[in-house]
Amino acid sequence: MVDYTYTLLIPLIPFVFFILIGLSGHKMKPIVSGLIGTAGLGIAAILSYITAIRYFWTDHLAESGYKSIKAFEITWLHLTDKLTINIGALIDPISVMMLIVITTVSLMVHIYSLGYMKGERGYHRFFAFLSLFSFSMLGLVLATNIFQMYIFWELVGVSSFLLIGFYYEKPSAVAASKKAFIVTRFADLGFLIGILILSFNTGTFDFQLLTSPTGPAITMPGGAAFMGMSVLTWSMIFIFMGGAGKSAMFPLHIWLPDAMEGPTPVSALIHAATMVVAGVYLVARLFPVYALGAPDALTVVAWVGGISSLFAAIIACTQTDIKRVLAYSTMSQIGYMMLALGVSGYGGENGLGFMASNFHLFTHAMFKALLFLGAGAIIHAVHSNDMKDMGGLRKYLPITHATFLIACITIAGIPPLAGFWSKDEIMVAAWHHNKILFSIEYLVAGLTAFYMFRLYFSIFWGKATHYHHTPHEAPYVMTIPLMVLAFGAVFAGFLPFHALVTSDGMPFESHLDYSIAIPSVLIALLGIGLATAMYRKSNGLPDKLAGIWGISYKWAYHKFYMDEVYLFVTKKIIFGYISVPVAWFDRHIVDGFMNLIARTVQNTSNLIKNFQSGRLQQYGYVFVTGALALVLIFVYLWN
Amino acid sequence: MSIYDFMTMRHELILVCLVLLVLIIDLNLKKSQKHRIIPIAISLFFIHTVIGFLPAQTGELFGGMYKTTGLTILMKNILNVGVLIILFQSTTWLKKEENGEKISEFYILLLSTLVGMNFMISSGDFLMLYLGLELATIPMAALAAYTHHQSRSAEAGIKLILSSALSSGILLFGLSLIYGSTGSIYFDTVGALYSNAPMQVLAFIFFFTGMAFKISLVPFHLWTADVYEGSPVNVTSYFSVISKGASAFILIMVMYTVFHSIAYLWKDIVYLVAVLTMTIGNLFALRQKNMKRFLAFSSIAQAGFILLGIIGGNKIGMTATVYFVLVYIFSNLGAFGVISAISAKTGKESMDDYDGLYATNPKLTLLMMLSVFSLAGIPPVAGFFGKFFLFTSAASGGYYWLVFIAVLNATISLYYYLLVVKAMFINKNDTPIAFFKSDIMTRIGLFVCALGIFVIGFWSQVYEFIDKLTFAIIN
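Quick note, the sequences are listed as chains C and H, same order. The opening residue of the first sequence carries number 1 in the working numbering; numbering runs sequentially from there. The opening residue of the second sequence carries number 640 in the working numbering; numbering runs sequentially from there.
One or more hints might be untrue.
[Claimed, not checked] Chain C side only, calculated, beta carbon under 8 Å to chain H, not exhaustive: (1) 72; (2) 76; (3) 100; (4) 186; (5) 203; (6) 303; (7) 522; (8) 526; (9) 623; (10) 637.
[Claimed, not checked] Each computed BS3-like pair below joins lysine-lysine, with the alpha-carbon atoms no more than 30 Å apart: (11) 29(C) <-> 1067(H); (12) 27(C) <-> 906(H); (13) 673(H) <-> 735(H); (14) 1002(H) <-> 179(C); (15) 1061(H) <-> 954(H); (16) 984(H) <-> 118(C); (17) 1002(H) <-> 1061(H); (18) 735(H) <-> 29(C); (19) 27(C) <-> 984(H); (20) 987(H) <-> 1061(H); (21) 1002(H) <-> 118(C); (22) 906(H) <-> 82(C); (23) 669(H) <-> 741(H); (24) 1076(H) <-> 29(C); (25) 928(H) <-> 906(H); (26) 1067(H) <-> 1002(H); (27) 118(C) <-> 1061(H).
These are computed hints drawn from the structure, not numbers from a lab. Keep in mind the model is a prediction, meaning the values are calculated, not measured. The beta-carbon is built from N, C-alpha and C at its ideal position, and this holds for glycine as well.
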């Protein structure tokens, strides 16, 4: 067996640097603490790449299928005779892939932040928290058992709480960080209960045992335990609840848009590439249990994913805060990933959805981090989040413009960029499984292209805005990460994922299905065209293109009508009757429901306050009444 | 019975000697030298704590009225460690001028109640239990009224003594019914004869309410807020941590050994009370602005969680309960330690006063954060494991709904614990509490808490050691 014990260092190095910066950061020059943190992540990234190269290629593991390897494990506690709590590092295709995603994006965000956070108070604190977050996230993906995963899961929550609330001068940031923490904790309640039920019925926390097709979970006798579903199904649904909270799936998504109050590099790291996909990773990690033992739970996953992706895509069309557009877009894309898992089978080509989901997770991490970092560069330049304050920026920010455009094309799913390949695999998987879900995703593909290009044109084209001071391109320390990620967004699609990351470790053949690829490219082009027509022209078109438009009066004439129709259909019908109500529903009903719970708790708390009157007679009265009530219930009624 | 046999009572005997010693030394100190009793008392108690960990003889005394087992020794040691921390933390406050001559009273009263708790833990029959209970309660009222020049403190004392008189009365009534129906007060005999006859159920409920009063379970908790708020901070921390922990120990042992035959019945009672306690404790804590009151109510909710270990009825349940109390001692004393350090220096106890504390007193703030995270049960600090084992115990007993309610409550509690963190780190304050340094002993007390919160969480041998000594309900 090949020795991977060194992978332990990948999470530990950021942790050591967190301690170092956290304890002595205020004594260093700010930039030194930043460089130290970045260097730590750099080492972790190099180790991750070495691991990936060894695991996938040089160690020749592929012949018998990629097995999961326990690089390291110690038993921490014997809970009962059978049940032990372990801590270790698990190496398998998805964890190796996640190592690459996390260290790459985190390293880019570190480098970017060196420039972005310059001059902020608490510079070293920011880098300390970034290291803490990276440690927790890496520990999460390397977990050998579900208990360890839960611990790191919560640590990720804590560090993201600290990062979102970083601008503590802003009350909205504070409220947002609290909301994010509480909502995800609420979801984790399900996760914890799921773990308890699962581990007590199977007698193990260990992922290798749980996911083994002959293991105690999958072979657990079924039968209806509660409301027609088996114990295993229930526990897997509960566990998925935790994943849905972290991954901002409907209706537990309400924290994500608000979390945009945090510094933009944080959004790129946490809310685009790493933490929010933890839920997808969780389902993928336990995938054999879902697929073989609890298909009903998997159906729930598919539908939650599908609904979330549609819901979020619709809302994204109405937002004007560029980070919020990206937040809803993230939610929508994660919905894709969940859906892909939900429609997947287990083993070989049946596992296409599984592969597609991880593939999309990988490419999405690249282009969404790029979009967020690009948004950061834009905000850095114009000091506003609102796209109404922007326009015509392509002249001022050439590098940001180019990379942002690449990201928009790739998320829209235009070949041959990365997003096309992964999204296409998801479409194929959905097509073979469920036509309704497929149609939802088809629609979402069009909407995605539309709102992304709406964003793109509003920022970089559109009306000529007069800025107080001329916006200028960000320094190289910020643009280089953009270029690196743009490289990933272009070429990540050529990775042979079907040979590397599959549900059972066995590679399978995958080929492009033109009957699905072509229509989905067409609808994406339609979305782009619509956005172009609506958002690009109000500013004088570039001379060259304007010439082309000018050649055919007739076409322009008809376009005029087309525009009217577009405007009527989009502004009046889609916006007025669908998007706005959906956004309203999100803000007032879903969010409002959560607020209602909070208010009810507060009110009840007010109500029972009267018991605490300070009068001793009343205390005695309540005491005796309580005792007598117990007597009444348990002596007369119960016994 | 030889003199040597008395060594089974080592804990109690040494403590009694210690109390007398403090009394005598204090009499020989001049008025201006009274504060010298502080290092003496602490070092004496430190020695006592260390001796407690030495190998000890187990067995029975007085025909089974008094019992020492590995588990009782462990419980007493846990309490000793907690008391030692409180003694360390209280030095800054005790040195204040207003406490002038009565410093030694603090030690005498506090250690007397500890003697009572030790006897309760070791009791083998209801008489010993009752005597221990009274010894643990009456001096406590005097402690609550320690700063008697403050009317709130005096009020706390009188409220405690009156409420506990009521609860003792009901408990004693229950005990007399037990004696009347079984003809015995020995745990073993009573346990063998107990059934679900209405009178015996009645007797059990009365006994249970008496214990519920001590642990402040809802609806027998109402005295808690007033007494906790009125008492000096260190006394409050003693009430909410040591006294509560000791009572939880006793309750679980008696429930598992004496009332095992009606376990199916008391589990339902415990279920009901657990839900009430967690929920109502939380709802009250949610709106507290005074830090002491806030922790008092949150400690009511915490007591509700302890019941999850009791209801499990299995070995994990008892281990989890003891483990949780141990963790709870460190976490809660960490929080109370910070409050007491601040209160002793500045007299400020309101949550608003804590705004912006991180800027001026980062170490205290970090300890406070660690403590409330532990109380809230956020991994990887010890409090998480404490709660997790309790949940595990209840879940393995099949109480999924109860676990669900408990986890829900843990989430609610997270909200108000975060309020404290938010105040310290995030809220703006133009006049935050200025930087100060407490005296060395207080700092040791605080440091030990921080250490405990980490070490107990990570050092799994602690759990495994407890697990060796515990037992499930007898069948």
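Hints and how they fare:
no.	hint	result
1	72	17 Å, violated
2	76	5 Å, holds
3	100	26 Å, violated
4	186	5 Å, holds
5	203	11 Å, violated
6	303	23 Å, violated
7	522	47 Å, violated
8	526	45 Å, violated
9	623	5 Å, holds
10	637	11 Å, violated
11	29(C) <-> 1067(H)	25 Å, holds
12	27(C) <-> 906(H)	56 Å, violated
13	673(H) <-> 735(H)	12 Å, holds
14	1002(H) <-> 179(C)	26 Å, holds
15	1061(H) <-> 954(H)	39 Å, violated
16	984(H) <-> 118(C)	38 Å, violated
17	1002(H) <-> 1061(H)	16 Å, holds
18	735(H) <-> 29(C)	42 Å, violated
19	27(C) <-> 984(H)	28 Å, holds
20	987(H) <-> 1061(H)	18 Å, holds
21	1002(H) <-> 118(C)	27 Å, holds
22	906(H) <-> 82(C)	26 Å, holds
23	669(H) <-> 741(H)	12 Å, holds
24	1076(H) <-> 29(C)	27 Å, holds
25	928(H) <-> 906(H)	35 Å, violated
26	1067(H) <-> 1002(H)	18 Å, holds
27	118(C) <-> 1061(H)	25 Å, holds
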